[in-house]
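Listed below, chain by chain, are the residues.
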Amino acid sequence: MKPAAIIARELTKRYGELEAVRGVSFEVGSGEVVGFLGPNGAGKTTTVRMLSCFLPPTAGTASIHGLAVRKRPRDVKRLIGVCPQEDNLDPDFNVLKNLLVYGRYFGLPSRTVRGRALELLEFVALSDKSRAPIQALSGGMKRRLILARALLNEPRVLILDEPTTGLDPQARHAIWTRVRGLRAHGTTVLLTTHCMEEATQLCDRVVVMDDGQILLEGAPLALVEREVGRTVVEAWNYGEEFMEFMRALKGRLEEVGDRLYFYPQEGDHIERLLEERFPQQERLMRRATLEDVFLKLTGRALRD
Amino acid sequence: MRSILHNASLRSFRVWQRDLDVYLTNWRTEFLPPLSEPVLYVFAFGFGLGSLIHNVHYQGRELSYLRFMAPGIVAVAIMFWSYFETTYSSFVRMYYQRTFDAILATPLLVEDVILGELLWGATKAVIASNIMLCMLALLGLVTWPSALWVIPLSGIAGVLFSALGLVVTSVTRNISSFNLPMFLMIMPMFMFSGTFFPVSILPKWALAIAWCLPLTHVSHLVRAAVLGWPRGPLLAASVLYVVLLAAVLSALALKLMKRRLIQ
Chain Y
2 MKPAAIIARE LTKRYGELEA VRGVSFEVGS GEVVGFLGPN GAGKTTTVRM
52 LSCFLPPTAG TASIHGLAVR KRPRDVKRLI GVCPQEDNLD PDFNVLKNLL
102 VYGRYFGLPS RTVRGRALEL LEFVALSDKS RAPIQALSGG MKRRLILARA
152 LLNEPRVLIL DEPTTGLDPQ ARHAIWTRVR GLRAHGTTVL LTTHCMEEAT
202 QLCDRVVVMD DGQILLEGAP LALVEREVGR TVVEAWNYGE EFMEFMRALK
252 GRLEEVGDRL YFYPQEGDHI ERLLEERFPQ QERLMRRATL EDVFLKLTGR
302 ALRD
Chain F
5 MRSILHNASL RSFRVWQRDL DVYLTNWRTE FLPPLSEPVL YVFAFGFGLG
55 SLIHNVHYQG RELSYLRFMA PGIVAVAIMF WSYFETTYSS FVRMYYQRTF
105 DAILATPLLV EDVILGELLW GATKAVIASN IMLCMLALLG LVTWPSALWV
155 IPLSGIAGVL FSALGLVVTS VTRNISSFNL PMFLMIMPMF MFSGTFFPVS
205 ILPKWALAIA WCLPLTHVSH LVRAAVLGWP RGPLLAASVL YVVLLAAVLS
255 ALALKLMKRR LIQ
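Chains as they are written, first to last, in my numbering: chain Y, 2 to 305; chain F, 5 to 267.
Chain Y on its own, in the form it takes in the complex (with noise of 0.2 Å):
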């Protein structure tokens, strides 16, 4: 692994009796890409916000790059970008000049600020609405000015917390596309999702967490291979003698609701069998994907 641009040593964050993170350690790589999945509540972005300093920990190490978030949080700033999740641009600005007052607050010089805020524009193809008021802005154009902000002080790390959550399958693409090309440029980026699919595209690691703890992590493809396999069988209307069949089979069985999920240990010739023993039942054979991996862990209850 290259050098670790963020580790994080047994991190706590209690409030009273409430432990919302429990001692969570771990590291992420120079220039790898880190997704942190969990149910709400998990204790994702209270990590990412003390590990941006924002809220001191209880208890617990966490550095940036070498630097402790707890002594030095003004270098640990000049270092990274937050994305936070709730939008906090500036009603009180147009979109250039948001870009403009946030490089003030960097100390950068003014005409540095304004060359690399015209390029961060482009760059979120935002330049054709620079004197537009933030409240003119969509979800989608809002999240990738918030990006372009972040990336304002060029960080050597990115810290998105939920950078899609909220957006149209259009503006998430676009998102995605741009941090990916900050991946390709060596920046380490560590985001929080509840999107699977954003961190299947994006992350070279996953690492889920619930309850404050950090359950799992690997590399997406692989963690859901060694979970939960390679395929998933989908049934619904079903009848006790498929029901029966199904339970005889090697492999994870779960009904949950009016569905069946099953998890075959081989997946191969399962199809085949179903096609000869119940032709008519309704089902889906589909790929595993990390959402099943992140159900298994942290289970189909409603969260609040």
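It is worth saying that the hints were derived from the structure and are not from the lab.
For every residue, glycine included, the Cβ atom is placed at its ideal position computed from N, Cα and C.
In silico DSSO-like links for lysine-lysine, alpha-carbon gap of 27 Å or less:
1. Lys259(F) to Lys72(Y)
2. Lys251(Y) to Lys297(Y)
3. Lys262(F) to Lys72(Y)
Per label pair, the in silico range of CB-to-CB distance:
4. Leu256(F) to Glu28(Y): 35 to 43 Å
5. Asp129(Y) to Arg32(F): 23 to 31 Å
6. Arg304(Y) to Leu39(F): 52 to 60 Å
7. Pro149(F) to Asp76(Y): 43 to 51 Å
Once you've looked at the hints, dock chain F against the given chain Y.
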């Protein structure tokens, strides 16, 4: 004191600059009130109410009600402009716009943001109250050059009321809760601090309370400057009181706002 300030830096100037930029973007609406307010006050209270009132006895001298009241509205402006800025406006930036969160992702620390807001609130008071002073000067109600003292005075008093506003903001959970300190603290202060009538006509017990209110000292000082009576009694004591209170409230504002912003 050192521990409270140790993280604050000159970078707070960037926060101040941000607020100034917004102010200048909206200059039309921002400049209108301080330009028009004194005229309204002078007509309503000075000419209207004042015509019903005989001359006012103040510190052993006699002067027209209009001349007495004019410095009072400058003092009130200092309080309102800074207090409103760091209550309603800061709250909007902190809570609704999440502007502070955005700033905290940059090398600035919480202390810089709080200090920037504090200084901006004071700056706004300086600008607005001195515009009002100029308007009153046009109406012939100001004595120069002693009135120039209003500039530093409005700065110190602006810090005081800015800090007071931030203290209130630090414990306010939603924006409608600002009504409470408004009616319990700011409105009584507005009316009973020697702004519209000399506090000396108050009963003894009320007089004692009035002299605890910071605005009483501020209006006392502003009046001395505007009337050109710099040798009025107890001016030094009032300066000391305002400076001390400004320092204490600033330290408290930093401490409480820091607690509010870091969770």
